[in-house]
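Undergrad: Sequence:
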Amino acid sequence: QGTRMGREEDKSVVEKIGEAGSKATGVLSQWWSLTTSDRRPKPDPSRACTVDELPIYPSDLPPREHIFIPEQPLPLQREFATIRLSFQREYERVASRFSVIDSAVNKTTDAAMKVNRYVNEEWTVLPKAAAITVGGMAGFVLGLKRGSFGRVISSSLGLATMAAFCYPHEAVDVVRTGIAHSEQAWNNFQESPNPSEVKKVTKDALAPPK
Numbered sequence: 001q002g003t004r005m006g007r008e009e010d011k012s013v014v015e016k017i018g019e020a021g022s023k024a025t026g027v028l029s030q031w032w033s034l035t036t037s038d039r040r041p042k043p044d045p046s047r048a049c050t051v052d053e054l055p056i057y058p059s060d061l062p063p064r065e066h067i068f069i070p071e072q073p074l075p076l077q078r079e080f081a082t083i084r085l086s087f088q089r090e091y092e093r094v095a096s097r098f099s100v101i102d103s104a105v106n107k108t109t110d111a112a113m114k115v116n117r118y119v120n121e122e123w124t125v126l127p128k129a130a131a132i133t134v135g136g137m138a139g140f141v142l143g144l145k146r147g148s149f150g151r152v153i154s155s156s157l158g159l160a161t162m163a164a165f166c167y168p169h170e171a172v173d174v175v176r177t178g179i180a181h182s183e184q185a186w187n188n189f190q191e192s193p194n195p196s197e198v199k200k201v202t203k204d205a206l207a208p209p210k
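Residue numbers for the sequence shown follow UniProt numbering, so the first one is 1 and each next one is one higher.
Don't read these hints as lab results, they were simulated from the structure. For each residue, glycine too, the CB sits at the ideal point set by N, CA and C. There's no promise every hint is true.
[Said to hold, decoys possible] Now the in silico label distances, taken between C-beta atoms and shown as ranges:
1. A81 / P43: 13 to 23 Å
2. H169 / A130: 19 to 29 Å
3. S46 / G18: 43 to 53 Å
4. V51 / W31: 34 to 44 Å
5. L74 / K114: 25 to 35 Å
6. L85 / A131: 57 to 67 Å
7. V174 / L126: 17 to 27 Å
8. D173 / L126: 33 to 43 Å
9. P73 / F98: 28 to 38 Å
10. F87 / T161: 49 to 59 Å
11. V27 / L85: 49 to 59 Å
12. T161 / S96: 26 to 36 Å
With the hints as extra help, turn the sequences into a complete structure.
TA: Structure below.
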């Protein structure tokens, strides 16, 4: 009984595969017949005439009636058309958004390059000097109520701030050099001997030999 059931199941699977193959063959044959078929209208024997019956002048021709024959769509043509139109609409929407982002990025990059070129060119020395002077004057005005020492400090801070803004690379180099010199001075200060030891060494060095 088990073998009979297995054979029946195998037969059902084989039959299903055969039916699917026959359906696919039918669809392909229908598509091929629609693609290669002659769609011209068939000749009407009732309208046939001999050469002698043909009119000599075009005005003698009777009016001809034209019949519009709609073209039958191919299998899956409408589905593919729907998918294609949907993909085209989504692509246009995404492309329009990316074009806006791309134009904004290009404008920002161009503006940054122009500012960098303006700052780094040699002929911008005078505008930089004017900016540094304005910074010093602003510091001087802010330090009017703080006495002479306050005016000097505020003016120096204004000049240094604008100079660092106009010359960022040079300001970084100056800061690094100052830090290195400060560390070296601090190390020398820590390694220096005590004054008592220095006096003892000098006295021993100046003492006459025994």
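Undergrad: Decide, hint by hint, whether the structure agrees.
TA: Against the structure, the hints:
| no. | hint | result |
| --- | --- | --- |
| 1 | A81 / P43: 13 to 23 Å | violated, 34 Å |
| 2 | H169 / A130: 19 to 29 Å | holds, 20 Å |
| 3 | S46 / G18: 43 to 53 Å | holds, 48 Å |
| 4 | V51 / W31: 34 to 44 Å | holds, 42 Å |
| 5 | L74 / K114: 25 to 35 Å | violated, 57 Å |
| 6 | L85 / A131: 57 to 67 Å | holds, 59 Å |
| 7 | V174 / L126: 17 to 27 Å | holds, 22 Å |
| 8 | D173 / L126: 33 to 43 Å | violated, 23 Å |
| 9 | P73 / F98: 28 to 38 Å | holds, 35 Å |
| 10 | F87 / T161: 49 to 59 Å | holds, 57 Å |
| 11 | V27 / L85: 49 to 59 Å | violated, 23 Å |
| 12 | T161 / S96: 26 to 36 Å | violated, 45 Å |
Hint compliance for this structure: hints 1, 5, 8, 11, 12 are not met, and every other hint is.
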